[in-house]
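Number of protein chains: 2
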Amino acid sequence: MPRVSVPLEIAYRILNHGPATLVTTRAGARANVMAAQWVMPIDFDPCRIAVVVDRTTYTRKLFDESGELAICVPSHEQAKLTWRVGSTTGAEVDKLAEIETFAAEIIAAPLVAGCVGWLECKVVRGAAYDEVAKETDLFIVEAVAAAVDARCWRDERLVLDEMRTLHHLGGGRFLASGEAISGR
Amino acid sequence: MPRVSVPLEIAYRILNHGPATLVTTRAGARANVMAAQWVMPIDFDPCRIAVVVDRTTYTRKLFDESGELAICVPSHEQAKLTWRVGSTTGAEVDKLAEIETFAAEIIAAPLVAGCVGWLECKVVRGAAYDEVAKETDLFIVEAVAAAVDARCWRDERLVLDEMRTLHHLGGGRFLASGEAISGR
Numbered sequence: 022m023p024r025v026s027v028p029l030e031i032a033y034r035i036l037n038h039g040p041a042t043l044v045t046t047r048a049g050a051r052a053n054v055m056a057a058q059w060v061m062p063i064d065f066d067p068c069r070i071a072v073v074v075d076r077t078t079y080t081r082k083l084f085d086e087s088g089e090l091a092i093c094v095p096s097h098e099q100a101k102l103t104w105r106v107g108s109t110t111g112a113e114v115d116k117l118a119e120i121e122t123f124a125a126e127i128i129a130a131p132l133v134a135g136c137v138g139w140l141e142c143k144v145v146r147g148a149a150y151d152e153v154a155k156e157t158d159l160f161i162v163e164a165v166a167a168a169v170d171a172r173c174w175r176d177e178r179l180v181l182d183e184m185r186t187l188h189h190l191g192g193g194r195f196l197a198s199g200e201a202i203s204g205r
Numbered sequence: 022m023p024r025v026s027v028p029l030e031i032a033y034r035i036l037n038h039g040p041a042t043l044v045t046t047r048a049g050a051r052a053n054v055m056a057a058q059w060v061m062p063i064d065f066d067p068c069r070i071a072v073v074v075d076r077t078t079y080t081r082k083l084f085d086e087s088g089e090l091a092i093c094v095p096s097h098e099q100a101k102l103t104w105r106v107g108s109t110t111g112a113e114v115d116k117l118a119e120i121e122t123f124a125a126e127i128i129a130a131p132l133v134a135g136c137v138g139w140l141e142c143k144v145v146r147g148a149a150y151d152e153v154a155k156e157t158d159l160f161i162v163e164a165v166a167a168a169v170d171a172r173c174w175r176d177e178r179l180v181l182d183e184m185r186t187l188h189h190l191g192g193g194r195f196l197a198s199g200e201a202i203s204g205r
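In order, the protein sequence lines correspond to chains A and B. Numbers given in the numbering used here equal positions in the first sequence, counted from 1, plus 21. Numbers given in the numbering used here equal positions in the second sequence, counted from 1, plus 21.
Chain A with its partners taken away, still in its complex shape (with noise of 0.2 Å):
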């Protein structure tokens, strides 16, 4: 499906409704995803996003190693995907070998195909934001690169009537996204 490239400034758009959350990574030969529903902006411009990376995953190992990762926005058609790579670790099993994915334009990561939007990502480094990391496993990672499919991008906004999102309640159970609803 063709995808559209979203300036960065307003690439929070992808991701501020709160959707699950596919997180790749790549250090040197070994790639790896997961899936993460800790993901949230916290800024509009640079575009910077707090994603909780489980000390205990393989993805932390590659990211610790490399800096970068992709945050992947799956539709409601990955569910299955989504708890499978969830709830299994790339220390014993090659996730992405029946995963498709494409390469980003800037990270080493893959991207998964089939997704809503994409933010590729580097983490925001410094003593305080890495002491937090460190006893938190939370991080603060800024976007350099992001894309939607163009199915769900209108006048430079999420639109999810075709596609829809993913959102986690917990053991495997989600919600698709709904309805539109006006605040006004």
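Since the hints were made in silico from the structure, they are not lab data. Fair warning: this is a prediction, and the values are worked out from it, not measured in the lab. No residue lacks a Cβ here, since even glycine has one placed at the ideal position from N, Cα and C.
DSSO-like, lysine-lysine: derived pairs with alpha carbons at most 27 Å apart:
{"hint": "1", "chain 1": "A", "residue 1": "Lys143", "chain 2": "A", "residue 2": "Lys155"}
{"hint": "2", "chain 1": "B", "residue 1": "Lys101", "chain 2": "B", "residue 2": "Lys82"}
{"hint": "3", "chain 1": "A", "residue 1": "Lys143", "chain 2": "A", "residue 2": "Lys82"}
{"hint": "4", "chain 1": "B", "residue 1": "Lys143", "chain 2": "B", "residue 2": "Lys155"}
{"hint": "5", "chain 1": "B", "residue 1": "Lys143", "chain 2": "A", "residue 2": "Lys155"}
{"hint": "6", "chain 1": "B", "residue 1": "Lys143", "chain 2": "B", "residue 2": "Lys82"}
{"hint": "7", "chain 1": "A", "residue 1": "Lys155", "chain 2": "B", "residue 2": "Lys155"}
{"hint": "8", "chain 1": "A", "residue 1": "Lys155", "chain 2": "A", "residue 2": "Lys82"}
{"hint": "9", "chain 1": "B", "residue 1": "Lys155", "chain 2": "A", "residue 2": "Lys143"}
Reference listing, derived: stretches of chain B covered by chain A, where coverage requires no fewer than 3 residues with Cβ under 8 Å from a Cβ of chain A:
{"hint": "10", "stretch": "34-43"}
{"hint": "11", "stretch": "62-68"}
{"hint": "12", "stretch": "157-171"}
{"hint": "13", "stretch": "178-190"}
Interface residues of chain A toward chain B, partial, derived using beta-carbon atoms under 8 Å:
{"hint": "14", "residue": "Ala71"}
{"hint": "15", "residue": "Leu196"}
{"hint": "16", "residue": "Ser203"}
Here the structure of chain A is known, so what remains is to put chain B in place on it, guided by the hints.
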């Protein structure tokens, strides 16, 4: 509506799927409420949550003084309320004057009636946390009490069939939480 207390070690389930929230605060005689989408769990037990409280908000002023805030998860019927309190400032208007609230169990901030759930929280302090918060407006708080509307809680899990949550795309455009999808 009847409320159910939620054990703190599973209180993340109120917030896990990325809903929009209403953040309330109180410092002395002054209380306030704002909308916040940039809120997510970062740990289970203790139940820790990351929340962006922008330095320009009146909520931040009260939160800096009190070190406490409540995270209320509005229902799909509260979209206009959510947008209104997110697009006005407590420095100019008493946003709580027209909103039904009730007393929290532990903290001083009022809780907004009609919500799906409520988390009472206290800020986690420390040199690194404080520095990151100062630079990014991102705070880590810890839940000290939690409750849900009884209609949304079955077998210790959030169930959103009768009530639904809001997910803010931006600019007053929300998506309601939608259908359940199993990843298993």
